[in-house]
Amino acid sequence: MGSFDCKGCVPDTVEQAASIRELYEKAASALKEKGLGDGNPGKKFSVPVLWDKEEGVIVNNESEEILRMFNSEFKDFEESAGDSIDLCPSNLMSKIEAVNSWVYENINNGVYRCGFAKTQLAYEEAIESLYKNLDKAEEILSKQRYLCGSRLTEADIRLFMTLVRFDEVYQVYFKCNKKAIADYPNLRNYCRDLYQTNGIGDSINMDHIKTHYYTSHPTLNHYAVIPAGPGVIEDYKQPHDRDRF
Numbered sequence: 201m202g203s204f205d206c207k208g209c210v211p212d213t214v215e216q217a218a219s220i221r222e223l224y225e226k227a228a229s230a231l232k233e234k235g236l237g238d239g240n241p242g243k244k245f246s247v248p249v250l251w252d253k254e255e256g257v258i259v260n261n262e263s264e265e266i267l268r269m270f271n272s273e274f275k276d277f278e279e280s281a282g283d284s285i286d287l288c289p290s291n292l293m294s295k296i297e298a299v300n301s302w303v304y305e306n307i308n309n310g311v312y313r314c315g316f317a318k319t320q321l322a323y324e325e326a327i328e329s330l331y332k333n334l335d336k337a338e339e340i341l342s343k344q345r346y347l348c349g350s351r352l353t354e355a356d357i358r359l360f361m362t363l364v365r366f367d368e369v370y371q372v373y374f375k376c377n378k379k380a381i382a383d384y385p386n387l388r389n390y391c392r393d394l395y396q397t398n399g400i401g402d403s404i405n406m407d408h409i410k411t412h413y414y415t416s417h418p419t420l421n422h423y424a425v426i427p428a429g430p431g432v433i434e435d436y437k438q439p440h441d442r443d444r445f
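Every position in the sequence shown, counted from 1, becomes a number in the numbering used here once 200 is added.
These aren't lab readings, by the way, just hints derived from the structure by calculation.
Ideal placement from N, C-alpha and C gives every residue a C-beta, glycine not left out.
Just so you know, not all the hints are guaranteed correct.
[To be verified] Derived DEER-like restraints, expressed as beta-carbon distance ranges:
1) Pro-418 with Asp-443: 39 to 47 angstroms
2) Ala-382 with Asn-405: 16 to 24 angstroms
3) Asp-402 with Ser-284: 14 to 22 angstroms
4) Ser-229 with Gln-344: 46 to 54 angstroms
5) Asp-205 with Asp-238: 34 to 42 angstroms
6) Asp-443 with Thr-415: 22 to 30 angstroms
7) Asn-309 with Lys-437: 22 to 30 angstroms
8) Cys-288 with Val-210: 26 to 34 angstroms
9) Lys-234 with Ala-424: 36 to 44 angstroms
Using the sequences and the accompanying hints, generate a full structural model.
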């Protein structure tokens, strides 16, 4: 498939690793030196990775758990009290957990169930569930600013990370093409709202996202051709209507 533009990539200034695989290999070697494991890093090298630069090991590679850690264990490292935000307030935890459950099963993971379905029946079941729950999110967001009420929570971050990729990737690549997020007035404005929230939009690099997806699965895109549109980031920079709540 050749090589791809690395514009916007941030080099590893801690371990100088050129790939995520190198970090897994370094961690496996470090653990072996401590008498833990045989030094074999395994065959799967996934992201994200929470890296311990003192011990030279991977603390965690599960996104759900890392998100929780950043919200709690890393409070002491916030730049100032004014930047503090609690995405998992105790009074909303039961609601957050409930939302996370149906969003993950039917939307976060639902797009993958569509994209990697190996039978027509599996695909049809997955896409029906996906759009039923996108409709559910649209309905909830027609009545309140965020999924769990009037404040931003972890549940919103988790949903947004799928929505922001939807029209650029999942609609085409994973055959999630019954409707685009742009066709949902509340979800579209919700995406604009979250994208414009301090720190969130800066974390999204759509060129990187599209390059990763469209070049990672030869069975889905043999020649690794990356589609040009539709350009959702420019849309998400436009004014939203979510402050009506």
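Hints, one by one, checked against the model:
no.: 1; hint: Pro-418 with Asp-443: 39 to 47 angstroms; verdict: 45 angstroms, holds
no.: 2; hint: Ala-382 with Asn-405: 16 to 24 angstroms; verdict: 20 angstroms, holds
no.: 3; hint: Asp-402 with Ser-284: 14 to 22 angstroms; verdict: 18 angstroms, holds
no.: 4; hint: Ser-229 with Gln-344: 46 to 54 angstroms; verdict: 50 angstroms, holds
no.: 5; hint: Asp-205 with Asp-238: 34 to 42 angstroms; verdict: 38 angstroms, holds
no.: 6; hint: Asp-443 with Thr-415: 22 to 30 angstroms; verdict: 39 angstroms, violated
no.: 7; hint: Asn-309 with Lys-437: 22 to 30 angstroms; verdict: 29 angstroms, holds
no.: 8; hint: Cys-288 with Val-210: 26 to 34 angstroms; verdict: 27 angstroms, holds
no.: 9; hint: Lys-234 with Ala-424: 36 to 44 angstroms; verdict: 40 angstroms, holds
Consistency with the previously given hints fails for number 6 only.
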